[in-house]
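**Q** With chain R fixed as given, assemble chain A with the ligands onto it according to the hints.
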Amino acid sequence: MTSDVMISASGLTKQFGSNRALDNVTFDVTRGEVVGFLGPNGAGKSTTMRVLTCFLAPTAGTATVHGFDVFEDPLAVRRSLGYLPQRAPLYSDMSVQEYLLFAAQVRGMDESTFKSRLSKVIEVCGLAQTLTKQIAHLSHGYRQRVGLGQALIHDPPILILDEPTSDLDPNEKAEVLRYIKDIGENRTILLSTHNLAEVEDSCARAIIVSKGRVVADGALDEIRSTTGRVRYVVAVDEKVAEGSHKPPSARELQGALDALKGVRGSKELPTDEKAHRFELSGAQDSDLRAELYRLMVQKGWTLLELRRDAQSLDAVFRELTRGDEELDRGRPVIDDDEDDDDSAENSDDKE
Amino acid sequence: MSPMMTIAKREFRSYFDSPLAYVVICLTFLLLGLAVFWVGGFWKVDRASVHLLFQYMPVALAMLIVPVVTMRSMAEEKRSGTLEMLITLPVKDSDVILGKYFGALGLVLILVLATALYPLAMFWAPWNLGPLDMGPVFSGYVGLVLFSCTAVAIGLLISSLTDSQAVAFFITFFVLVVLWFIGSAAEHVDKEWLANALMYVSFQSRLDGFSRGLIDTRDVIFFLSAMVLALVMAFRALERRRWV
Ligand SMILES: Nc1ncnc2c1ncn2[C@@H]1O[C@H](COP(=O)(O)OP(=O)(O)OP(=O)(O)O)[C@@H](O)[C@H]1O
Ligand SMILES: [Mg+2]
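Line order of the protein sequences matches chains R and A.
Following this note's numbering, the numbering of the first sequence begins with 1 at its first residue and continues without gaps.
Following this note's numbering, the numbering of the second sequence begins with 1001 at its first residue and continues without gaps.
Chain R on its own, in the form it takes in the complex (with noise of 0.2 Å):
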């Protein structure tokens, strides 16, 4: 192992009576890097980051983080860790800055450092206003702030934040993407969330658990590429042709996409009186592109619009999870790959 591998989780299993929470959850993060941890509602994301932060013990496997072993010198491992739990738990009778000096003093922080770490909290986590309020009448998007600056507080080189923004407003959740992007260069940070978008923002890299496994797992472009598919978006004009040529209807359109080579299937978008859009798939390392192209120049069509971009991460997320997804609904779980309509609709005005 080199020194660079910040946290390491190997082959963690974790059963609580017959439910297997985990399974076999292995993966490595290094310095430097900020991976975000997905997957659905009881993937095992909070029981990984509670075997890592050594408040749960992992049936089986072992976990090192800042090179520390989780069951053998679990002190040393909370020492390097910042951590933020699911729900920002507090002690609501104390003030804002009564708990910041709690978390500082158990750490052993002296007041001098305590008093320089505190105004760069203050500033990242938006606290200025709220220091001397008692934590029981914050609103919960300001607790999940403290819970936030605590983890801040001593900074530390590892961080383990469990859904750090789901409650706080756009304005603090783009500061604290911003403050995250920007410590992360030197630091390690794996956090959880549910919104894509997030991680898209601020991550290089994904882990996606479904569960209780790893279900994909690497640099975001990577991931996208997982199902093995590009979409193309073509859209032809179907009042007005070239020269004696007619428009096609949209069945002649389909037929003539669909017999292109390389075309994995297509689907109509709906769309206004002027034009037939379609949507595509295609293998991954192949370009249709020019193929299109060229069918248009020969049939004499107008082509309206062409466009290819990888699967987002939505569509990825939720093809890779779908068996968790089909279980909680209560149907069957079918093995088809002809579906993720309104993900790819969602998609469209990404790029």
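Treat the hints with caution; some may be incorrect.
[Unchecked claim] Below 30 Å or equal to it, Euclidean Cα-Cα: the simulated DSS-like pairs (lysine-lysine) are: (1) A:Lys1009 with R:Lys115; (2) R:Lys133 with A:Lys1009; (3) R:Lys173 with A:Lys1078; (4) A:Lys1191 with R:Lys133.
No lab work stands behind these hints: they were computed from the structure.
Please read these numbers as outputs of a predicted model, since none were measured by experiment.
**A** Just chain A with the ligands now, with coordinates in the frame of chain R:
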């Protein structure tokens, strides 16, 4: 300051952030005053009233003070989830247990020592009943302090076994009351070994000597070992959490 002391300080202060501590303190003084002066006779305050104090104070500790003070120590942390925040700071499990213990014990001991105001009032000012034999008073307080240490440890143990304050309160109440009165049951059993065993664990018979001016090492050791046992079990209960 060590992590343990930081936790103890926070714990101690948190009692005063809620009306709980004030209510318990006032109630204790009120009931104790009533018991000592009313049962003993307000105009007949004499040396016997000090004896009454040592009779009633442990009962107040067992039935009210200790259950109320310890009920939330661990139970509330578990219910509200703050335990996760606390435990994932760089603290040892033993720091958490001892910090909680000393925080609660601090409050209880202040209450116990504050009851010394009664004998002071009677024999010094304003009653001025004359010189008092300080021996039994001193040993009586040693007994009360030892009893408090043990009772708080038991309360903390029970609080760390549940995540409901109410359950913790009632079980602690029940256990302490049983351990207090179990000695009286000894008179009604005919098997001698059973009677001896009951007398052996009875807090009441253990404290009896102290209030009469006798500090018996066996009694001291009994209280101290019961305290250590309860603390170790509370520590184990906290540790077990990781293995659910
Ligand atoms: N203390 C516990 N006792 C029993 N089962 C538990 C416990 N904690 C978690 N689980 C189970 O472990 C599984 C994973 O839970 P976990 O909290 O890690 O999910 P998550 O990925 O964080 O979900 P969410 O997005 O809802 O926060 C769930 O099936 C849950 O019921
Ligand atoms: Mg969670």
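**Q** Any hints this thing doesn't respect? Which numbers, in order?
**A** Result: hint 4 breaks, nothing else.
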